[in-house]
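Each chain is listed here by its residues.
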Amino acid sequence: MKPHSNAAWALMLPAAAVMVFVAVLPLLAVLNYSFHDIFSLDKVFWVGTDWYEMIVATPRFWASLGRSALFSTLAISVQIPLGIAIALMLRKVGPRGASLMLMCLAIPLVVPTNMIAGLWLALLRPEGLGGQALSALHLTLDYKFTALHTWALILIVDTWHWLGLVVVLAYAGLSSIQPAYYQAAAVDSATRWAVFRWIELPQISGALWIVLLLRLVDSFMIYTEVMAINAGGPNDATTFLSLELGEDIKAYSYGTSAARAMVDFIFVLTLVWVFVKLRQSGEQTQGGPP
Amino acid sequence: MTRGRMWRLLACIGIAGFVLLPLVQAIVLSFTTTLATEAVPQGSIGLHNYANILRSPELRASIGNSIIYVLLNVAFCLIAGLPAAYGLARFTFLGDRHFLMFLLAFRVTPPVVLSLPIFILFARSGLVNSPIGIALVHCVFNLPIAIWILESFIAAIPRSFDEMAFVDGHSRLSFFFRFLIPAIAPGIAVAAFFCFIFSWVEVVFARILTVTAGKPITQAITSLFTFRTDWGLVMAMTVFSLIPGVLMIFLVRNQIARGFVIRT
Numbered sequence: 001m002k003p004h005s006n007a008a009w010a011l012m013l014p015a016a017a018v019m020v021f022v023a024v025l026p027l028l029a030v031l032n033y034s035f036h037d038i039f040s041l042d043k044v045f046w047v048g049t050d051w052y053e054m055i056v057a058t059p060r061f062w063a064s065l066g067r068s069a070l071f072s073t074l075a076i077s078v079q080i081p082l083g084i085a086i087a088l089m090l091r092k093v094g095p096r097g098a099s100l101m102l103m104c105l106a107i108p109l110v111v112p113t114n115m116i117a118g119l120w121l122a123l124l125r126p127e128g129l130g131g132q133a134l135s136a137l138h139l140t141l142d143y144k145f146t147a148l149h150t151w152a153l154i155l156i157v158d159t160w161h162w163l164g165l166v167v168v169l170a171y172a173g174l175s176s177i178q179p180a181y182y183q184a185a186a187v188d189s190a191t192r193w194a195v196f197r198w199i200e201l202p203q204i205s206g207a208l209w210i211v212l213l214l215r216l217v218d219s220f221m222i223y224t225e226v227m228a229i230n231a232g233g234p235n236d237a238t239t240f241l242s243l244e245l246g247e248d249i250k251a252y253s254y255g256t257s258a259a260r261a262m263v264d265f266i267f268v269l270t271l272v273w274v275f276v277k278l279r280q281s282g283e284q285t286q287g288g289p290p
Numbered sequence: 001m002t003r004g005r006m007w008r009l010l011a012c013i014g015i016a017g018f019v020l021l022p023l024v025q026a027i028v029l030s031f032t033t034t035l036a037t038e039a040v041p042q043g044s045i046g047l048h049n050y051a052n053i054l055r056s057p058e059l060r061a062s063i064g065n066s067i068i069y070v071l072l073n074v075a076f077c078l079i080a081g082l083p084a085a086y087g088l089a090r091f092t093f094l095g096d097r098h099f100l101m102f103l104l105a106f107r108v109t110p111p112v113v114l115s116l117p118i119f120i121l122f123a124r125s126g127l128v129n130s131p132i133g134i135a136l137v138h139c140v141f142n143l144p145i146a147i148w149i150l151e152s153f154i155a156a157i158p159r160s161f162d163e164m165a166f167v168d169g170h171s172r173l174s175f176f177f178r179f180l181i182p183a184i185a186p187g188i189a190v191a192a193f194f195c196f197i198f199s200w201v202e203v204v205f206a207r208i209l210t211v212t213a214g215k216p217i218t219q220a221i222t223s224l225f226t227f228r229t230d231w232g233l234v235m236a237m238t239v240f241s242l243i244p245g246v247l248m249i250f251l252v253r254n255q256i257a258r259g260f261v262i263r264t
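Protein chains in written order, with the working numbering: chain A, 1 to 290; chain B, 1 to 264.
No wet-lab data here; the hints were simulated from the structure. Keep in mind it's a predicted model, so treat the numbers as computed, not measured. One or more hints might be untrue.
[Said to hold, decoys possible] What the simulated footprint calls covered on chain B by chain A, stretch by stretch (three residues with Cβ under 8 Å from a Cβ of chain A suffice, anywhere in the stretch; the number is not a length):
id, segment
1, 54-62
2, 179-188
3, 199-213
[As the list claims (entries may be wrong)] Using C-beta positions, here's what the derived DEER-type ranges look like:
id, chain 1, residue 1, chain 2, residue 2, range
4, A, 266, B, 40, 41 to 47 Å
5, A, 252, B, 40, 38 to 44 Å
6, A, 28, B, 64, 31 to 37 Å
7, B, 173, A, 179, 40 to 46 Å
8, B, 44, A, 126, 40 to 46 Å
9, B, 56, A, 175, 55 to 61 Å
10, A, 77, B, 7, 19 to 25 Å
11, A, 62, B, 173, 51 to 57 Å
12, A, 278, B, 243, 39 to 45 Å
Every residue, glycine too, gets a C-beta built ideally from N, C-alpha and C.
Can you build the whole structure from these sequences, using the hints too?
Laid out in structure tokens, this is it:
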């Protein structure tokens with residue numbers, strides 16, 4: 001049991017000071033702007049909750065919210081199972097091969113965010129390797145004008161970007177399982193599914209929670225890649241919450257963009273809160289981590 | 001070769017192909033001249049694009065700018081993160097869980113939400129166009145990560161390790177530098193790796209905080225997109241921007257996944 005000491009707050013001070021300056025103060029400023037109409041920084045009028053009412057009353061906002069939620073769901077339901085499956089497979093290919101594959105899968109994580117889409121668009125140009133392969137197969141990827149293709153491309157690009165994180169963390173969790181667990185399972189002649197459900201999944205859940213949370217919020221607020229691929233088109237089919245917010249900011253409408261930012265922040269915060277509660281109740285039913 | 005092994009080999013080739021294909025395309029393009037000049041015809045293969053990077057003062061400067069603010073950010077995160085991680089790993093205190101929850105909430109705050117007031121606040125504090133400004137603002141998402149990683153590495157060391165050093169008459173400060181930091185060196189490497197990567201690839205804050213000077217490498221790439229984009233040069237710059245990250249992956253390949261456990 002750790003000793004109780006409120007003096008430990010002194011150790012939090014440097015971190016807390018940095019976070020107050022770069023996060024809390026700006027957030028309070030956003031909150032303040034969201035109740036004002038701002039023509040310029042010295043012409044500011046109190047408008048109360050007008051902006052919020054306006055946002056909630058526009059169908060476009062709800063459509064964007066729905067698209068963001070759908071995209072998040074799709075991204076997570078593709079990337080998490082695929083990442084776990086790859087990690088399970090890599091456990092069998094031997095340490096050297098696995099290490100090579102993990103390094104390879106981690107490379108997309110270090111690509112500057114604004115070039116993720118650029119790399120794929122270069123690949124898919126008619127004279128690019130991907131474009132040539134597609135035309136040789138008589139396939140077309142019309143991501144500029146066919147909404148389904150745009151969605152597919154964004155999902156592929158996002159999966160390419162983040163799959164490595166899921167695999168790396170799941171693989172690390174699997175590596176920490178004692179061989180004795182597998183031997184015990186073999187003695188009980190447990191099925192492959194039972195081994196996964198009762199031995200492997202609990203061991204990787206610690207690392208998976210963080211990757212699930214990061215993927216949840218990052219895919220919910222995806223911006224840079226979507227903007228580069230088709231700027232929310234065709235016909236708003238890929239206009240997510242963050243793109244609507246970006247439009248407001250680019251139009252210099254401080255008040256509305258601040259209110260929109262607050263609404264988005266509240267959604268993200270609610271997601272995190274639900275997530276933490278789910279996790280805590282999950283731990284209680286499973287006895288919790290050591 | 002058994003059937004299982006063959007399937008696994010095929011799967012590995014497939015995955016590696018999917019991951020590497022855009023990168024192979026980028027590397028091929030980076031050696032190809034895509035915008036003809038008088039001296040170099042279109043489609044010729046060579047180092048022209050890389051030579052053009054070195055010839056352009058803006059592109060050269062952008063590489064330096066990025067390296068400076070990323071290293072500063074790693075330093076800030078470790079300096080502020082180490083004491084906090086130690087406190088969280090070793091003590092309970094009033095509001096400790098709330099503090100962790102507070103960190104989590106800001107780790108997941110989308111940068112776009114904070115971009116406008118951060119610009120105004122930093123402009124007033126004279127931190128626009130300065131690497132210190134970007135390094136500070138990247139702490140919003142990197143400091144929580146650094147604290148989580150360091151905390152899990154410190155918590156893995158038994159408390160008797162601290163007590164032995166105190167019994168030997170070491171002060172807390174001397175313990176910190178002479179015992180704790182060497183003991184959690186792999187954790188520091190992992191925390192530094194993630195801070196480095198997330199700061200290196202971030203674009204939203206880095207863009208709004210560099211109005212006239214101090215442009216990072218990501219901005220330099222964006223500014224290359226014009227009416228007639230020189231794809232070869234863009235890809236050469238992109239390949240260039242991958243080098244530090246790939247080197248880091250190679251250096252921490254054995255530690256990369258340890259200690260990435262979230263506590264709330």
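Each hint, compared with the structure:
1. 54-62: violated (count 0)
2. 179-188: violated (count 0)
3. 199-213: The restraint on the segment 199-213 of chain B holds, since 5 of its residues have a Cβ under 8 Å from chain A and three suffice.
4. A:266 / B:40: 41 to 47 Å: For residue 266 (chain A) and residue 40 (chain B) the Cβ distance comes to about 54 Å; the hint is violated.
5. A:252 / B:40: 38 to 44 Å: holds, 43 Å
6. A:28 / B:64: 31 to 37 Å: holds, 35 Å
7. B:173 / A:179: 40 to 46 Å: holds, 42 Å
8. B:44 / A:126: 40 to 46 Å: Distance hint for residue 44 (chain B), residue 126 (chain A) is violated at roughly 20 Å.
9. B:56 / A:175: 55 to 61 Å: Since residue 56 (chain B) and residue 175 (chain A) have Cβ atoms about 45 Å apart, the given range 55 to 61 Å is violated.
10. A:77 / B:7: 19 to 25 Å: holds, 24 Å
11. A:62 / B:173: 51 to 57 Å: At roughly 55 Å between Cβ atoms, residue 173 (chain B) and residue 62 (chain A) fall inside 51 to 57 Å, so the hint holds.
12. A:278 / B:243: 39 to 45 Å: The hint (39 to 45 Å, Cβ to Cβ) holds, given that residue 278 (chain A) and residue 243 (chain B) are roughly 41 Å apart.
When each numbered hint is compared with the structure, violations occur for hints 1, 2, 4, 8, 9.
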